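Trainee: Given the structure of chain Y, go ahead and fit chains X and P onto it with the hints provided.
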Amino acid sequence: MSEQPLGAAKGLRVGEIVAALGGTLRGDGQHQVLRIASIERAGATDIAYLSHSSKREWLSTTQAGCMVMPPDLEAEAQRFQAAILTPDPYLYYARLAQWFAELQAEPEVAGVHASAVVEAGADLAPTAVVGPCAVIERGAVIHDAAHIGAGCFVGRNAIIGQGTRLHPRAVVLAGCTLGARCIVHSGAVIGADGFGYARDANGVGVKIPQTGSVRIGNDVEIGANTTIDRGALDDTRIGDGVKIDNLVQIAHNVQIGPHTALAGCVGVSGSARIGAHCFIGGGVGIAGHLEIADHVVIGGMSLVSRSVRQPGHYTGAFPLDTHQNWSENAATLRHLSQLRSRVRQLENKLETQALPDSTKP
Amino acid sequence: MSEQPLGAAKGLRVGEIVAALGGTLRGDGQHQVLRIASIERAGATDIAYLSHSSKREWLSTTQAGCMVMPPDLEAEAQRFQAAILTPDPYLYYARLAQWFAELQAEPEVAGVHASAVVEAGADLAPTAVVGPCAVIERGAVIHDAAHIGAGCFVGRNAIIGQGTRLHPRAVVLAGCTLGARCIVHSGAVIGADGFGYARDANGVGVKIPQTGSVRIGNDVEIGANTTIDRGALDDTRIGDGVKIDNLVQIAHNVQIGPHTALAGCVGVSGSARIGAHCFIGGGVGIAGHLEIADHVVIGGMSLVSRSVRQPGHYTGAFPLDTHQNWSENAATLRHLSQLRSRVRQLENKLETQALPDSTKP
Amino acid sequence: MSEQPLGAAKGLRVGEIVAALGGTLRGDGQHQVLRIASIERAGATDIAYLSHSSKREWLSTTQAGCMVMPPDLEAEAQRFQAAILTPDPYLYYARLAQWFAELQAEPEVAGVHASAVVEAGADLAPTAVVGPCAVIERGAVIHDAAHIGAGCFVGRNAIIGQGTRLHPRAVVLAGCTLGARCIVHSGAVIGADGFGYARDANGVGVKIPQTGSVRIGNDVEIGANTTIDRGALDDTRIGDGVKIDNLVQIAHNVQIGPHTALAGCVGVSGSARIGAHCFIGGGVGIAGHLEIADHVVIGGMSLVSRSVRQPGHYTGAFPLDTHQNWSENAATLRHLSQLRSRVRQLENKLETQALPDSTKP
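So the sequences go chain by chain: Y, X and P. According to our numbering, the stretch in the first sequence is residues 356 to 716, in order. According to our numbering, the stretch in the second sequence is residues 356 to 716, in order. According to our numbering, the stretch in the third sequence is residues 356 to 716, in order.
Here chain Y stands alone, though its shape is the one from the complex (with noise of 0.2 Å):
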């Protein structure tokens, strides 16, 4: 937390630091930073870093000890007891902020709280955590170093890789599979049935049982109170380092491409199938059964209602105004198709008129 700056002990060197992390150094590489810090509150024994442009003016009167920044502000670098040039700022401190955060874990101790209830036939490793009150069902299967936060359920042949956490209240219901290094946040719900109902003569739902389940790959983050569905024959499937927002919904099949970002509040629905290296915006809905190649940006609050097949940066949304004017503006677009007929006729006429001028001598 910000308020429990680390332990003398835990510092580290600028010198240090940039042996490890690369960029080249300014100043004294034996200056101690003990944390990162925002450039806006940076101290003299904090680390801090420019990547925004629009934080530059912050340069010359940040206190802080050190400066993470671009080498085209090398001028500026020498204001501070060390800096470290880097051509993304931003990417170092992601690298450097973790590294902090390893000095700072507090140690884990390995085992199964006494209040947590695991089944017999539950396969845990030795270095697994499970913290009081987690509920693991038997044929489950965690592997090496995985953490159990308080609270979770983990259901019956579920299988939590290596190294991966699931924070409190996180639910992996039965037979879903997560691999390595993955970080499931509080409240999330992987795996509930698919919403699949046939609609019998009456218009009653008559429930499609959801046997598939969900497989997740390696290195992926889900946002807390994020839920996904697990298929319903077949399995719905996220890939490789995909990182999920909370409170985002993934619908049953739904088929996601490695490195794709989703922010929150996104809703995916049944079988649709996202490319690799995507970013959906926050509010986004996509239609079912539909197709997004690679590398596409969906602007927020956008609704895909079709297929996208080419890269890009797509949008839909409907611009703010001032309630007034929207009202005038929504009352005219829904006459749109109208005005554009009129606009038509009128030029459908003014050619009409213009013969005789055009045909002028």
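Hints were generated in silico from the structure; no laboratory data involved. Among these hints, one or two may not hold up.
One copy or two, either will do: identical chains are not told apart, so a pair holds if it fits within one copy or between any two.
Derived pair list, reagent style DMTMM-like, types lysine to aspartate or glutamate, alpha-carbon separation capped at 25 Å [claimed, not checked]: (1) K410 <-> D676; (2) K410 <-> D478; (3) K562 <-> D443; (4) K365 <-> E457; (5) K704 <-> E371; (6) K562 <-> E371; (7) K704 <-> D427; (8) K410 <-> D427; (9) K704 <-> D595; (10) K410 <-> D443; (11) K562 <-> E461; (12) K562 <-> D649; (13) K562 <-> E463; (14) K410 <-> E429; (15) K410 <-> E646; (16) K410 <-> D555; (17) K365 <-> D589; (18) K562 <-> E457; (19) K410 <-> E395; (20) K365 <-> D427; (21) K365 <-> E706; (22) K562 <-> D595; (23) K562 <-> E395; (24) K704 <-> E646.
Remember, predicted model here, so these are calculated numbers, not experimental data.
Mentor: Frame of chain Y, contents of chains X and P only:
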């Protein structure tokens, strides 16, 4: 799970299926099928179905031993060891899948897990199942064959109907009632307070205690992490056979008629009344204090801001486009009512100008 | 619950109500009311209120024994056994309902349920209540009269303020702080990791450890299954009196000013700053790194993609229409900027053509 085929002893002969579920048998009624599989992946001991015409090409290549298919494709039935002709293969599949699910189901042992907390004064049927770490408060009634999953919470005086199943970590708060044969998926919260505040003279919210409850009919399914709020004074009511997908929000005092379905990420505002046999698409928002008639379909991501009094299919969603095109169109949209005025002026002008021409001899 | 009327001993006399909450008494101050009911369903021992003019027709038919109503309807007060005239009946109702709720509340027994897990080093006030299967980690501080519901999780060093209530299965992760008198509904997750990744040269996400926390003021209410992420470096901050409905996503580093309300299904992206006394309608999306001024109202399902610097009411949502009309209008919308060009051409043409006419003698 798809990776767990039925034991041989649990297979079904195709003739046996037709005898129970109807349809017309073609081929070998003695052929035994062990599970249902998708047309793409089915093998010799699988039964598959063809419902969408988009999958029709698979008829000539699928390895399925038995195919459920419409009568008009009878000519193509002969390549299978067995086939079942039926006008609605999808409905047939639903019923057959339910049968298989029953065959596959592991028997449940009635009773309360040692780690569950059941307060004195709760009324549990002897045939009910209460999973590990579930909590049931006093006054709650759990009817015959109901299943309260691991880590569920059932509050004071709540009623869980016969055969209703709460999946792990579902929450049913005080005084809410569920009918028979309902399914509540993990993380769903039934009966949290509705969002109701008066504002005092300083604009500070004064909470209105929510003293109604939630009353849910029979055969209702409620998705993972969906929330249904209790009423302010009266109750929130969900009719028989309603199906609600994941991450849906139902506000206080909402009423939903029988057999309506709500897809994922829908939000229904307070006191809205939705009719019977409606289908509300994913991500739809429904404003408060309005009515939607029976047999209404709302397209995904639409906002219903006024009552919809006629059955039919309604939509309101911005069409997706390349970001560049969207930018230009959205910019114009912000001046749409002006554009209409300009067209009107052109029409007037042309009308005036045209007069001399039209009065020409 | 509505089905549990107050015992007769717990009723209130109308005169007693007026003495405590103000308003002008009409009729019999000795009349006793046992509960609040809606104007449609109230009976002789109920008190009802009239706030919306849409309900005014009920004044002549309601069976309520006592009515809270505006002074301008005084003439209609005489048909009730008692009436209370007040300029804001809804606010009056809120305060009266709180009083009834206090009367009705069952006394809580302070202390920790035997099935809860409280780590050594957690600091619990003697008046705090900790429900069954709750988990509280070391370093957490639970202040006076706080209530930690069944199955809740409170992480290391988290702080739960005086009188704050976590409903069953709420999650407050490490280091997050809640002020006094907050209400957190079931399934809410406070302090999950923000959604932050750098991308390496291969487009692979590199997780940025989220080391900030969440700081929540006093009198905040947080809806069921809502998620509020911890900050990346600094903290996510929610001001006093903020009210957040169900299934809302608040991303890392967001700041929300006092007494703002967010309706259900809202998504707020990272580092957005929302002012005080705003109302954000249901399903709204707010893009990252922008500002919304105080006293801004955003209509439901709108996307806020740029800063809103002036108070007022803003909207951006596609108007609902029949699917057929929508199709035609949406198709035209995709060519809207071309339509504008065509109108411009017509205007130019007409201007040119008109010249000879206008120069006519």
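Trainee: Evaluate each hint against the coordinates.
Mentor: Hint check results:
1. K410 <-> D676: Neither: 28 Å inside a chain and 32 Å across chains, both beyond 25 Å.
2. K410 <-> D478: Neither. Shortest intra-copy (50 Å) and inter-copy (40 Å) distances fail the 25 Å Cα cut-off.
3. K562 <-> D443: between (51 Å within a copy, 15 Å between copies)
4. K365 <-> E457: within (10 Å within a copy, 51 Å between copies)
5. K704 <-> E371: neither (78 Å within a copy, 72 Å between copies)
6. K562 <-> E371: Answer is between: at 21 Å across copies they meet the 25 Å cutoff, but 60 Å inside does not.
7. K704 <-> D427: This pair counts as neither: shortest intra-copy Cα distance 60 Å, inter-copy 52 Å.
8. K410 <-> D427: Within one copy only: 15 Å inside a chain, 57 Å across chains, cut-off 25 Å.
9. K704 <-> D595: Neither: 60 Å inside a chain and 59 Å across chains, both beyond 25 Å.
10. K410 <-> D443: Classified as within; 15 Å inside a copy, 48 Å across copies.
11. K562 <-> E461: between (47 Å within a copy, 19 Å between copies)
12. K562 <-> D649: Between copies, since 21 Å is at most 25 Å while 34 Å is not.
13. K562 <-> E463: between (44 Å within a copy, 21 Å between copies)
14. K410 <-> E429: within (16 Å within a copy, 61 Å between copies)
15. K410 <-> E646: Answer is between: at 16 Å across copies they meet the 25 Å cutoff, but 38 Å inside does not.
16. K410 <-> D555: This pair counts as between: shortest inter-copy Cα distance 22 Å, intra-copy 60 Å.
17. K365 <-> D589: between (49 Å within a copy, 20 Å between copies)
18. K562 <-> E457: For K562 and E457, the Cα distance is within 25 Å only across copies (13 Å; inside one copy 47 Å).
19. K410 <-> E395: within (9 Å within a copy, 53 Å between copies)
20. K365 <-> D427: neither (31 Å within a copy, 71 Å between copies)
21. K365 <-> E706: So K365 and E706 fail the 25 Å test inside a copy (80 Å) and across (77 Å) alike.
22. K562 <-> D595: between (32 Å within a copy, 14 Å between copies)
23. K562 <-> E395: Answer is between; shortest inter-copy Cα gap is 22 Å, intra-copy 55 Å.
24. K704 <-> E646: neither (44 Å within a copy, 45 Å between copies)
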